[in-house]
Structure formats: structure tokens, C-alpha cells
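Engineer: Protein sequences appear in the order of chains A and B.
So for the first sequence, our numbering puts the first residue at 1; every next one is plus one.
So for the second sequence, our numbering puts the first residue at 114; every next one is plus one.
FYI, nobody ran anything at the bench for these hints, they're computed from the structure.
Using N, Cα and C, we set each Cβ at its ideal position, and we do this for glycine too.
Heads up, a few of these hints could be off.
[As the list claims (entries may be wrong)] Below, a list of computed lysine-lysine pairs in the DSSO-like style, where the Cα atoms sit at most 30 Å apart:
id: 1; chain 1: A; residue 1: Lys112; chain 2: B; residue 2: Lys154
id: 2; chain 1: B; residue 1: Lys155; chain 2: B; residue 2: Lys133
id: 3; chain 1: B; residue 1: Lys133; chain 2: A; residue 2: Lys68
id: 4; chain 1: A; residue 1: Lys61; chain 2: B; residue 2: Lys127
id: 5; chain 1: A; residue 1: Lys61; chain 2: B; residue 2: Lys155
id: 6; chain 1: B; residue 1: Lys177; chain 2: A; residue 2: Lys61
id: 7; chain 1: A; residue 1: Lys61; chain 2: B; residue 2: Lys133
id: 8; chain 1: B; residue 1: Lys177; chain 2: A; residue 2: Lys112
id: 9; chain 1: A; residue 1: Lys100; chain 2: A; residue 2: Lys61
id: 10; chain 1: B; residue 1: Lys168; chain 2: A; residue 2: Lys68
id: 11; chain 1: B; residue 1: Lys154; chain 2: A; residue 2: Lys49
id: 12; chain 1: A; residue 1: Lys49; chain 2: B; residue 2: Lys155
id: 13; chain 1: A; residue 1: Lys100; chain 2: B; residue 2: Lys155
id: 14; chain 1: A; residue 1: Lys49; chain 2: B; residue 2: Lys179
id: 15; chain 1: B; residue 1: Lys155; chain 2: A; residue 2: Lys112
id: 16; chain 1: B; residue 1: Lys168; chain 2: A; residue 2: Lys100
id: 17; chain 1: B; residue 1: Lys179; chain 2: B; residue 2: Lys168
[What the hints assert, rightly or not] With the Cβ distance kept under 10 Å, some of the chain B side facing chain A (calculated, not the full set):
id: 18; residue: Ala115
id: 19; residue: Gln119
id: 20; residue: Pro121
id: 21; residue: Cys126
id: 22; residue: Ser128
id: 23; residue: Glu135
id: 24; residue: Ser156
id: 25; residue: Lys179
id: 26; residue: Phe180
id: 27; residue: Ser203
id: 28; residue: Tyr216
id: 29; residue: Tyr219
id: 30; residue: Pro222
id: 31; residue: Arg225
id: 32; residue: Thr227
id: 33; residue: Thr229
[Said to hold, decoys possible] Going by beta-carbon spacing under 7 Å, a handful of chain B positions derived as facing chain A:
id: 34; residue: Ile206
id: 35; residue: Phe220
id: 36; residue: Gly221
id: 37; residue: Gly223
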Amino acid sequence: AQSVTQPDIHITVSEGASLELRCNYSYGATPYLFWYVQSPGQGLQLLLKYFSGDTLVQGIKGFEAEFKRSQSSFNLRKPSVHWSDAAEYFCAVANTNAGKSTFGDGTTLTVKP
Amino acid sequence: GAVVSQHPSRVICKSGTSVKIECRSLDFQATTMFWYRQFPKKSLMLMATSNEGSKATYEQGVEKDKFLINHASLTLSTLTVTSAHPEDSSFYICSACPSALVYEQYFGPGTRLTVT
Numbered sequence: 001a002q003s004v005t006q007p008d009i010h011i012t013v014s015e016g017a018s019l020e021l022r023c024n025y026s027y028g029a030t031p032y033l034f035w036y037v038q039s040p041g042q043g044l045q046l047l048l049k050y051f052s053g054d055t056l057v058q059g060i061k062g063f064e065a066e067f068k069r070s071q072s073s074f075n076l077r078k079p080s081v082h083w084s085d086a087a088e089y090f091c092a093v094a095n096t097n098a099g100k101s102t103f104g105d106g107t108t109l110t111v112k113p
Numbered sequence: 114g115a116v117v118s119q120h121p122s123r124v125i126c127k128s129g130t131s132v133k134i135e136c137r138s139l140d141f142q143a144t145t146m147f148w149y150r151q152f153p154k155k156s157l158m159l160m161a162t163s164n165e166g167s168k169a170t171y172e173q174g175v176e177k178d179k180f181l182i183n184h185a186s187l188t189l190s191t192l193t194v195t196s197a198h199p200e201d202s203s204f205y206i207c208s209a210c211p212s213a214l215v216y217e218q219y220f221g222p223g224t225r226l227t228v229t
């Protein structure tokens with residue numbers, strides 16, 4: 001069975017500082033991986049995805065993520081955080097046969113002025 | 114592109130009544146739609162997979178007679194919470210998948226259901 005672990009429940013960074021959100025997955029085949037962002041009371045917005053190819057993927061809003069098969073990780077990074085980045089971030093892995101995704105428990109990002 | 118809407122965004126109903134939530138893909142066709150439930154400070158819990166033209170597939174522990182799903186067309190799926198109880202109060206989110214990419218989901222903005 002597939003699973004996703006986001007080890008950090010809550011992260012606080014200062015505006016302008018760099019950010020890394022961790023994600024570890026478990027999946028028997030080549031994973032399809034996603035990062036989503038959710039603002040309070042809203043749905044999820046896709047930040048970026050990895051299906052194959054270059055292991056460093058670029059997304060919207062200046063985010064990037066790196067797929068590391070050897071570490072079963074897909075960490076999200078941003079070089080300089082903005083106050084508007086404060087939100088909930090979810091990592092997900094898709095079952096390519098059934099299409100269903102499994103989500104991590106999320107990481108809450110707080111940005112200090 | 115890839116916009117998904119949900120209606121209503123918020124609904125308050127009394128115990129024992131039924132509530133219908135609509136999920137629409139506005140600019141693409143969606144053979145598959147998913148319905149999730151999200152508790153406060155929690156991740157998304159998949160409730161069911163909705164396929165156009167066939168019965169929905171429910172996850173283990175989700176009562177299909179309580180949460181009725183109808184995927185009427187390639188752009189519309191509905192979730193009806195029947196005989197609602199306060200414990201059904203939650204944030205319900207749908208997602209829709211472009212026909213050719215079933216694992217790439219686009220999410221609706223969610224519906225906040227409060228049962229009094």
C-alpha cells in the first residue's frame with residue numbers, strides 16, 4: 001500500500017528565508033508525486049508534480065521539488081519565502097493504476113515578518 | 114484552464130435533513146471525480162471515486178447509503194449527505210481528473226457543511 005509521510009507538522013520561517021518541506025513516500029512502482037497548497041477554507045492548488053524525467057521539477061510561485069529515489073523523498077523548496085506563502089502544504093503520491101492519491105498529513109507553514 | 118467549482122460553498126442544515134453538494138469541471142471533461150472529507154487540521158480522507166456512467170466506488174468505512182454520489186455527466190458529480198447528523202459536519206472537497214490523466218486532479222474550493 002502506498003503512503004506519504006510529512007515529518008514536520010508545523011514550520012515557521014522568516015520572510016525572505018529559504019524553505020524546505022520534507023516528504024517521504026512509500027510506493028511499489030515508480031511514483032507519481034505531487035505537492036499541493038491549501039489556504040484556509042479553500043481547496044487545494046497544485047504547486048508541482050513529478051511523473052518522470054528530470055528529478056528537479058519547477059512549479060508555480062517559485063517552488064521546486066527534487067525527487068530522490070534512493071531516499072524515497074520528494075522535498076519541496078523555495079529560496080525566499082513571502083508572507084503570502086503561509087498556508088498548509090500537502091504532499092501526495094498517486095496510484096497510477098487506480099488513479100487514487102494518498103496524501104500526507106500536511107505541514108503548516110507560518111511566515112514571520 | 115482546469116477549473117473546478119463546488120456549490121454551495123457553505124451550507125447549514127438541521128439534523129435529519131439531506132444536503133446536496135455539486136462538483137463541476139468548468140473547462141474540461143472529467144471521467145473521474147473524487148470526493149474527500151477534511152477534518153480541521155487534518156489531511157484529506159478519500160470518501161469515494163465517482164465515475165461517469167457507473168456506480169461510485171466507496172472507500173472502506175464510508176457508508177454508501179449515507180453519502181450518495183451521482184456522476185450525471187462528464188462535467189458534474191453530486192454528493193448527497195442523507196439524514197445528516199452533527200458528526201457529518203465537515204469540509205467536503207471534490208476533485209476532477211481530465212479524461213486522459215486520471216491521476217492528475219484539479220480540486221474544487223470545498224464546501225463547509227454544518228449540521229445543527
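Engineer: Against each hint, give a clear statement of whether it holds in the structure.
Structural biologist: Here is what the structure says about each hint:
1. Taking the CA atoms of lysine 112/A and lysine 154/B, the gap is about 20 Å. The hint holds against a cut of 30 Å.
2. With a C-alpha separation of about 23 Å, the suggested pairing of lysine 155/B with lysine 133/B holds against the 30 Å cut-off.
3. With a CA separation close to 43 Å, the supplied pair lysine 133/B and lysine 68/A exceeds the 30 Å bound.
4. Straight-line distance between C-alpha atoms of lysine 61/A and lysine 127/B comes to about 41 Å, which puts the hinted pair past the 30 Å bound.
5. For the hint pairing lysine 61/A with lysine 155/B, the CA-to-CA distance comes to about 24 Å; that is within 30 Å, so the pair holds.
6. Between the alpha carbons of lysine 177/B and lysine 61/A the distance comes to roughly 39 Å, so the proposed pair goes past 30 Å and is violated.
7. This hinted pair does not check out: lysine 61/A and lysine 133/B have alpha carbons roughly 35 Å apart, beyond 30 Å.
8. The hinted pair formed by lysine 177/B and lysine 112/A fails the criterion: a straight-line CA distance of about 44 Å is larger than 30 Å.
9. For the given pair, lysine 100/A sits about 26 Å from lysine 61/A by alpha-carbon distance, which is consistent with the 30 Å threshold.
10. The hinted pair formed by lysine 168/B and lysine 68/A fails the criterion: a straight-line CA distance of about 38 Å is larger than 30 Å.
11. Between lysine 154/B and lysine 49/A the alpha-carbon distance is near 24 Å, which keeps this suggested pair within the 30 Å criterion.
12. This hinted pair checks out: lysine 49/A and lysine 155/B have alpha carbons roughly 22 Å apart, not beyond 30 Å.
13. Note on lysine 100/A and lysine 155/B: the hinted pairing holds, with a Cα-Cα distance of about 18 Å set against a maximum of 30 Å.
14. This hinted pair does not check out: lysine 49/A and lysine 179/B have alpha carbons roughly 34 Å apart, beyond 30 Å.
15. With a C-alpha separation of about 23 Å, the suggested pair lysine 155/B and lysine 112/A falls inside the 30 Å cut-off, and the hint holds.
16. Only pairs whose Cα atoms come within 30 Å are accepted, and lysine 168/B paired with lysine 100/A is accepted, the gap being roughly 16 Å.
17. At most 30 Å may separate the alpha-carbon atoms for a hinted pair to count; lysine 179/B and lysine 168/B meet this at roughly 15 Å.
18. For alanine 115/B, the shortest C-beta to C-beta distance to chain A is roughly 9 Å, which falls under 10 Å, so the interface hint holds.
19. Restraint check, glutamine 119/B versus chain A: the minimum CB separation of about 8 Å is within 10 Å; hint holds.
20. Because the beta carbon of proline 121/B sits about 13 Å from the nearest beta carbon in chain A, more than 10 Å, this interface hint is broken.
21. Residue-level restraint check for cysteine 126/B is violated (minimum Cβ-Cβ distance to chain A is 19 Å; threshold 10 Å).
22. Annotation: interface hint on serine 128/B violated; nearest CB of chain A at approximately 24 Å, more than 10 Å.
23. Checking glutamate 135/B against chain A: minimum C-beta separation of about 14 Å lies over 10 Å; hint violated.
24. Satisfaction of the interface hint for serine 156/B is found here, the shortest Cβ-Cβ separation to chain A being roughly 5 Å, below the 10 Å cut-off.
25. The criterion of a C-beta within 10 Å of any C-beta in chain A is not met by lysine 179/B, whose closest approach is roughly 21 Å, and the hint is violated.
26. The restraint placing phenylalanine 180/B at the interface with chain A is violated, with a minimum CB-CB distance near 17 Å, outside the 10 Å limit.
27. For serine 203/B, the shortest C-beta to C-beta distance to chain A is roughly 13 Å, which exceeds 10 Å, and the interface hint is violated.
28. Taking 10 Å as the C-beta contact cut-off toward chain A, the hint placing tyrosine 216/B at the interface holds, the least distance being around 4 Å.
29. Against a cut-off of 10 Å between C-beta atoms, the interface hint on tyrosine 219/B holds, since the closest Cβ of chain A lies about 7 Å away.
30. The closest approach between the C-beta of proline 222/B and any C-beta of chain A is roughly 4 Å, which is under the 10 Å cut-off, so the hint is satisfied.
31. Hint status for arginine 225/B relative to chain A: holds, with the closest Cβ pair at about 7 Å, below 10 Å.
32. A hinted interface residue such as threonine 227/B counts as satisfied when its beta carbon comes closer than 10 Å to some beta carbon of chain A; here the least separation is about 13 Å, so the hint is violated.
33. Interface restraint check: threonine 229/B against chain A, minimum CB-CB distance 19 Å, threshold 10 Å, status violated.
34. A cut of 7 Å between beta carbons decides the hint on isoleucine 206/B: the least distance to chain A is about 5 Å, and the hint holds.
35. A least Cβ separation of about 4 Å between phenylalanine 220/B and chain A falls short of the 7 Å threshold, and the interface hint therefore holds.
36. Interface restraint check: glycine 221/B against chain A, minimum CB-CB distance 5 Å, threshold 7 Å, status holds.
37. Among the interface hints, the one on glycine 223/B holds; its C-beta lies about 5 Å from the nearest C-beta in chain A, closer than the 7 Å criterion.
Hint compliance for this structure: hints 3, 4, 6, 7, 8, 10, 14, 20, 21, 22, 23, 25, 26, 27, 32, 33 are not met, and every other hint is.
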